[in-house]
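Enquirer: For the protein sequence lines, the chains are A and B, in the order given.
Residue numbers for the first sequence follow the working numbering, beginning at 47 and rising by one.
Residue numbers for the second sequence follow the working numbering, beginning at 47 and rising by one.
Calculated from the structure, these hints are not laboratory results.
Hints are supplied without guarantee of correctness; some may be wrong.
Since the list gives no way to pick out one identical chain from another, each pair is judged satisfied if it fits inside one copy or across any two copies.
What the hints assert, rightly or not - With a straight-line cut-off of 25 Å between C-alpha atoms, the simulated PhoX-like cross-links for lysine-lysine are:
| no. | residue 1 | residue 2 |
| --- | --- | --- |
| 1 | K593 | K567 |
| 2 | K599 | K415 |
| 3 | K599 | K500 |
| 4 | K567 | K596 |
| 5 | K596 | K415 |
| 6 | K202 | K259 |
| 7 | K537 | K309 |
| 8 | K599 | K567 |
Number of protein chains: 2
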Amino acid sequence: MSDNKYTIGVDYGTESGRAVLVDVSTGEEVATAVHPYGDGVIDEHLPGSDEPLPPDFALQNPQDYIAVLQETIPALLREGSVDPGDVIGISTDFTACTMLPIGEAGTPLCTTPEWRDNPYAWVKIWKHHAAQPEANRLNEVARERGETWLPRYGGKISSEWLIPKIWETLNQAPQVYEAADRYVEAADWIVLQLTGQEKRNSCTAGYKAIWNKREGYPGDDFFAALDPRLRHVVDDKLSRQIYPLGDRAGGLTPEMAELTGLKPGIAVPVGNVDAHVAVPASTVTEPGRLVAIMGTSTCIMVLGQEERMVEGMCGVVEDGIIPGLFGFEAGQSCVGDHFAWFVETCVPPAYHEQAQSRGLNVHQLLEEKAARQQPGEHGLLALDWWNGNRSILVDVDLTGMLLGATLLTRPEDMYRALIEATAYGARVIIEGFEKSGVAVDEIVACGGLPGRNKLLMQIYADVTGREIKVAGTEQSGAFGSAMFAAVAAGKDAGGYDTIFEAAKNMASLQDVVYQPIPAHKAVYDQIYAEYVTLHDHFGRGANDVMKRLKALKQQVLAES
Amino acid sequence: MSDNKYTIGVDYGTESGRAVLVDVSTGEEVATAVHPYGDGVIDEHLPGSDEPLPPDFALQNPQDYIAVLQETIPALLREGSVDPGDVIGISTDFTACTMLPIGEAGTPLCTTPEWRDNPYAWVKIWKHHAAQPEANRLNEVARERGETWLPRYGGKISSEWLIPKIWETLNQAPQVYEAADRYVEAADWIVLQLTGQEKRNSCTAGYKAIWNKREGYPGDDFFAALDPRLRHVVDDKLSRQIYPLGDRAGGLTPEMAELTGLKPGIAVPVGNVDAHVAVPASTVTEPGRLVAIMGTSTCIMVLGQEERMVEGMCGVVEDGIIPGLFGFEAGQSCVGDHFAWFVETCVPPAYHEQAQSRGLNVHQLLEEKAARQQPGEHGLLALDWWNGNRSILVDVDLTGMLLGATLLTRPEDMYRALIEATAYGARVIIEGFEKSGVAVDEIVACGGLPGRNKLLMQIYADVTGREIKVAGTEQSGAFGSAMFAAVAAGKDAGGYDTIFEAAKNMASLQDVVYQPIPAHKAVYDQIYAEYVTLHDHFGRGANDVMKRLKALKQQVLAES
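Can you make the complete structure from the sequences, with help from the hints?
Expert: Below is the structure:
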């Protein structure tokens, strides 16, 4: 034992779990470990089976989550040469809505021989998109009934969220629904494994399960209007007891202490969501400073003193990010994914060879070439909808568009146009917040992209006209969790009593600040006006060609 | 000497000249020879100079045209083992408008020491685009004055044509204009070299120089309204004597006989244009059968009994293709170029490797992959405007668009979408003809593409709903010229008295016929309706975003 105290944050991502060991007093990241899920994202067939899964399925194996703990935590302790006795807490964050049916004792149905072969018994992860019909119907019913909670979610509940996913199972596999004692977020399930306590957190409940601190869940009548079998879904399959973020869920169980090498009884807070813990990890615990978690997609978070209804936001949840404040969430469904698709699909051999011979990756080469251009020089304009539009149109059926191509258009031109398109998309979201009275004065970026692409950061500053700072940690999920672990441990154990104190002492910003360049901003203002015209034309019903082409595609595939 | 008689056709293309020796009675192609131009397309600096040419310049060296004769014709005679005494005629066709200033004796100005260093003294080829300001002004004046010939050219004279190109020289290099005794099409200049006779042909005069069989040139007042110095341009620099296609221009001169190894005095018809000679070469000498010459771009030709005004056609010229009929020309500025750009710019290494390992080129691999899809399956829709839109919008400032992309979009999807886009573009042209009363019952394809891409041909049949046949010859320019040589020679010399007889005996179709597949047509009808909506939205002024982005690009480049 030493004077230094440590916490561990574990961030459960889409492909792997990432753990970080943090010095509580300084915020120093002492050690990091990553463990990829053995079964990865299950979207073709269940492990050990040849039977193809239905379209739009995306599942995971919950045993992979336990393996992450077993592999990464001993590695952290070894790598950091830290005495387990100095680790005062462990916390987790998860993708969401990532949910699973469990038995009475918390056992995932998919781990039982009886249900192992049924895909509906497995974990449906956030990007499982097979519940779209249920989401459509839910939104229809909510609108018809004038449900007052609907505007909190930008007017639309996503097919990615809890109720559509549960209802999908009820429709497609009622026997699984019947067999499930409860449905939980994986965020809560992993805490149940760590502590033996099922304590549902306010973040996933608020953002993904239509729960509200003051009003609770929608009424049973609403659920009955969806489907009579759902009338008692909250009492039968969920729970009305919801715990605020940072609350201690319990102490680490002896079994889990054995598995991880940590001391039993150390603090474990309630579950949390990757994007949401990133906010304090980026030093943000107050209104006016937007956090953009930029990776394959971008989550956008802002805090406010009051509840406001913002077009197309994913949700506003009281205490959903930071206690005492309203947390607004919006998102862009295709950012890093966009560039990755482009590099994989659209870049010719000469560029790959050039990159290799210069010891760069293709992204770096394209960034270097694209950075030589002035804004407006390539003549292109894209709509960044390769994966639909989350905010502010909330429409998964929108698709990508590139306009302005000529025979002289080069890969770096298209690459830059795609970056710019995502920046325009971010500006639409920011302007939506401001229009509704939620201030956005500054941007703090975190996630994987900011450290990898300076051009992208400068373009975002130029397009949005706002200063952009960058979080000190590159693993804002795991780091933010480590901060919440320190709060759950409390001051007396060597941690902090509030997330505000934890943020002040543990979180930091990098030295770099991206300032908008006025001449660039002036050109981008013109192109942004064109973007908005196209965005509204194709996104708000003037020409629904994207949806008709998508429907035709489905029809053709169904008939062939 | 044998019983078999032969003619030679020489097709002057953009990069090279191609000659073919044809058996007059059977149409058999006995020998072929190609000779690339020594100076190629001159667009960076004049040969032997370091001084950069102005933007949008595209010149050629007329001595390269003579070299083609000198190299290819002896090669044909050798390869075909044909006695020169059995060759009864030689004919040429050219790109157009490809024009040059000459001295009194027909010497190109650019070959004289005095003018050699002046770019305006060289041959301006068809894709020389520096006369756009003059073309814009010409169209403005013609519209203001209500010139009745304007609708014959779809309402717009192209910057590629003769009068803008002459006027450009007058504006930029008046001393060259002064020094030029005359301006001629290269099509007529080469005939002058072969025969010593300057006989201007009705095809280039009609399609490129605003000449009309019944009305002649526009009035001197019109030219004076453009520029007082142009009042007498026709009489000073051109000629009012125009000769119909197939007319004998003269006999081969002894000097040219010496150069080529042919007999002096054999028949040489007046000049012609590559795309226009392709029509009889494709067996078409009557209305109702559209000829599509498909290469880097596509020329579309139809014959009619009456003059009709068709939106966005390049021109309608009486006797312009076949004597006694009106020849309608339209065009798509980006077809093969489109696919070449895509393969060069947007196809990843894995595809190149796969193609190579299977002994295919990348086009073939993409065709194979794309052919596995049903129409509508990729969900994409493109506007084929990577090089502007020739017909029917006549707008070089339009640019390409691709819509419907997702993270699952693959190269073969985009490749197929680009092919389909050009087919939709062709259908717009066909419907424009039919709307104006010009029948299009069947399509005959020729040029380089039909033999190389079966999928493309099937898609064109499916999209247009018309049977597509393919010309027997793969070199429809040179072959068509050889047919006109047979007509100039006449029946008594072993040729034919009319192009109708020549077509009947010499031209042929391949056995393959592409039939529209009704199920495909039904899907394409739906997508075509979407194409037309986007075509009109972006092409007819509802949203001029493409032009504004292009203007912004110019502005940014000018300021940087």
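Enquirer: Does each hint hold? Answer for all of them.
Expert: These are the hints, each one checked on the structure:
1. K593 - K567: Cα proximity of K593 and K567: across copies only (20 Å, versus 33 Å in one copy).
2. K599 - K415: between (36 Å within a copy, 17 Å between copies)
3. K599 - K500: between (38 Å within a copy, 23 Å between copies)
4. K567 - K596: between (35 Å within a copy, 18 Å between copies)
5. K596 - K415: between (34 Å within a copy, 20 Å between copies)
6. K202 - K259: within (19 Å within a copy, 67 Å between copies)
7. K537 - K309: within (18 Å within a copy, 107 Å between copies)
8. K599 - K567: between (39 Å within a copy, 15 Å between copies)
Going through the hint list in order, the structure satisfies each hint without exception.
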